[in-house]
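**Q** Letter by letter, the chains look like this.
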Amino acid sequence: MEFFFTEEFISEFKKIIKGKEHKDLESLFIDEILEKTFDEILYTGTTKQSGDNTNSLYIKKRIGKKKSGKRGGYRSYISVLIKNQQLYFIFIHPKTGRRAMVKLETEKEIVLIKKLKEDKENNNLIEICLNDERSKIIDKNTEEEIF
Amino acid sequence: MYYICNIKQTEMIVEITDIKSKTDNIISSYKAKELSNEEYINRLLDRINEIQKPIKQAIKIIESLDEILLLTTWAEIRTVRDKEDLKYILDSAEQIHKRFIRDYAFLHKTLRKDMFGNVLKDFKNTIDDFEDSFFEVKNVFFKVRKNNKLVSLINSLF
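Going down the list, the protein sequences come from chains L and S. The first sequence begins at 1 in my numbering and counts up by one. The second sequence begins at 1 in my numbering and counts up by one.
Hints listed in this document are in silico derivations from the structure and should not be mistaken for laboratory results. The reader is advised that the hints may include incorrect statements.
[Stated by the list, open to error] Cut-off 25 Å, straight-line C-alpha distance, at most; resulting in silico cross-link-like pairs (DMTMM-like, lysine to aspartate or glutamate):
| # | chain 1 | residue 1 | chain 2 | residue 2 |
| --- | --- | --- | --- | --- |
| 1 | S | K121 | S | E94 |
| 2 | L | K95 | S | E136 |
| 3 | L | K103 | S | E38 |
| 4 | L | K114 | S | E136 |
| 5 | S | K138 | L | E105 |
| 6 | S | K60 | L | E40 |
| 7 | L | K108 | S | D129 |
[Said to hold, decoys possible] From chain L, some residues computed to sit far from chain S (all C-beta separations above 10 Å):
| # | residue |
| --- | --- |
| 8 | S27 |
| 9 | L28 |
| 10 | R134 |
[As the list claims (entries may be wrong)] FRET-style restraints, in silico, Cβ to Cβ:
| # | chain 1 | residue 1 | chain 2 | residue 2 | range |
| --- | --- | --- | --- | --- | --- |
| 11 | S | D85 | L | N141 | 44 to 54 Å |
| 12 | S | D82 | L | V102 | 23 to 33 Å |
| 13 | S | Y88 | L | V102 | 18 to 28 Å |
| 14 | S | A75 | L | Q86 | 16 to 26 Å |
| 15 | S | D85 | L | K108 | 30 to 40 Å |
| 16 | L | S27 | S | S28 | 51 to 61 Å |
| 17 | S | Y88 | L | F38 | 56 to 66 Å |
| 18 | S | E84 | L | K20 | 21 to 31 Å |
| 19 | L | E21 | S | I27 | 50 to 60 Å |
| 20 | L | I30 | S | A105 | 31 to 41 Å |
| 21 | S | M115 | L | E121 | 56 to 66 Å |
| 22 | L | N122 | S | V151 | 21 to 31 Å |
| 23 | S | R81 | L | E144 | 48 to 58 Å |
| 24 | L | E144 | S | D91 | 44 to 54 Å |
Even for Gly, the Cβ is constructed at its ideal location relative to N, Cα and C.
Here chain S stands alone, though its shape is the one from the complex (with noise of 0.2 Å):
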């Protein structure tokens, strides 16, 4: 009986010097650990960085095949040779165009637009572009140069 009460006795017995000092520590080990405000922000812009990255890299990749894709008008397509490499071109750029939507659609659905949303924005334009540049390039070899009214009133402009 003696036993338990002197246990009972030394768990009340609570010196409040020991809850300062306690105190005292864990509010330390909380402040340095503290983030100030722009730390927080800093760290927050670092993460939105490393996720626009993939789609900024996704962009650059986008314009230059845009860019490819123009240049085709330009080239003289004469053998049958020729005509199978534009049309893989053109079939690439359609496969592709695929991938860049569906890829927009999973990130559009995913990511924050008050976060996100001028990246987005940018890619999603950018993928527009490919669009227009791959109907205008087919626009151009299977409308335009078949049209012989067309063609001979440019020939004959000047």
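The following block holds chain L by itself, in its conformation from the complex (with noise of 0.2 Å):
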């Protein structure tokens, strides 16, 4: 599998750790999504908004990790595309504190695609994986943390 940020999505990420209540979100993101199968992150807590798997697939995914009795932490959704195991990330809002969002409009989506479309021709895209400690993401090609 290969990962793709735009940088729309990098900076939406970064504003959402600034808050306490989320300043976990990356690692909640590297155990629900960089340490899965491309099945279990296609076919868990996502829905198929649109596309399908030959030409491209647009999901969104919840992540939050269900802790019991400490669950009501948050919620996160995150928009992605997909094409032969690419993963195009365009999009993430947690549902509750002070970036919360309780969904991305339709006008929003279209502007987020167009983007991604310039983006991967202008080959503006960031590449990312994980750290030797598989603990921090960071870009595949210069190796610096991305958050």
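Hey, can you piece these two chains together into the complex? The hints should help.
**A** Dropping the structure here:
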């Protein structure tokens, strides 16, 4: 699998983790996305928005671990476009807290997908992976930490 | 008169050794039935677990239903029958959600928060997740996929 972030995704992610209640979002993202198999990502807590597996698929995924008695922390929703096991992350929003959003409006989705198309054509996407300790998300080319 | 006096006398004569012995008996019987502090706490925890059990079972059921509901977005809806089935699933989900809310409201009002706060919170969050899924699924079928601009953009993306 290959993972790509748009600038908008990174920017929103950074704003979210500034809040105390969402400071563990990066480790949550690692556990529930980067450490999972393709099928686990695709079919757990996910809605298929549109498209198909052979061309391009647009999904929304819910992340947020269920820890008995400690839940109610938060849920976050991630918008991802997929093509041939390449995953393009375009937006993330938590359900609660300072950056809370009920859902991403369709008009905003159109803008974000257009921007993804542009970024892909101009090679402006950031391919990411995990560091050796598998604890931080890094830029695959520069090996710099993203967050 | 003598008889009365005799009775009176008998009633009044109380041997302290008898009282001592009776006191010992009563205290012993209490001690035999007495629970240690740990046993009291264990019994209380058993009762709490017993009350929590059906709530935890309900949480698991709602979580299963949530996953199933999300799966509908992966199904092909082609025929009239498919559409009817989808409508049935969404109507059922809406109805059962109302029941979940009613059950939660009753439990929230009835159970002590210092003993059942965590399980009630889990129950509420699970219901909230289910509600989110319900609206998200409706949004996918009745808004996103009906937006030609968005659909054609996705199809032409790569």
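**Q** Compare the structure with each hint and give your call.
**A** Outcome of the hint check:
no.: 1; hint: S/K121 - S/E94; verdict: holds (21 Å)
no.: 2; hint: L/K95 - S/E136; verdict: holds (13 Å)
no.: 3; hint: L/K103 - S/E38; verdict: violated (49 Å)
no.: 4; hint: L/K114 - S/E136; verdict: holds (22 Å)
no.: 5; hint: S/K138 - L/E105; verdict: holds (14 Å)
no.: 6; hint: S/K60 - L/E40; verdict: holds (19 Å)
no.: 7; hint: L/K108 - S/D129; verdict: holds (23 Å)
no.: 8; hint: S27; verdict: holds (20 Å)
no.: 9; hint: L28; verdict: holds (15 Å)
no.: 10; hint: R134; verdict: holds (27 Å)
no.: 11; hint: S/D85 - L/N141: 44 to 54 Å; verdict: holds (48 Å)
no.: 12; hint: S/D82 - L/V102: 23 to 33 Å; verdict: holds (28 Å)
no.: 13; hint: S/Y88 - L/V102: 18 to 28 Å; verdict: holds (26 Å)
no.: 14; hint: S/A75 - L/Q86: 16 to 26 Å; verdict: holds (25 Å)
no.: 15; hint: S/D85 - L/K108: 30 to 40 Å; verdict: holds (32 Å)
no.: 16; hint: L/S27 - S/S28: 51 to 61 Å; verdict: holds (59 Å)
no.: 17; hint: S/Y88 - L/F38: 56 to 66 Å; verdict: violated (31 Å)
no.: 18; hint: S/E84 - L/K20: 21 to 31 Å; verdict: violated (48 Å)
no.: 19; hint: L/E21 - S/I27: 50 to 60 Å; verdict: holds (56 Å)
no.: 20; hint: L/I30 - S/A105: 31 to 41 Å; verdict: holds (38 Å)
no.: 21; hint: S/M115 - L/E121: 56 to 66 Å; verdict: holds (59 Å)
no.: 22; hint: L/N122 - S/V151: 21 to 31 Å; verdict: holds (24 Å)
no.: 23; hint: S/R81 - L/E144: 48 to 58 Å; verdict: holds (54 Å)
no.: 24; hint: L/E144 - S/D91: 44 to 54 Å; verdict: holds (51 Å)
Violated hints for the displayed structure, listed by number in ascending order: 3, 17, 18.
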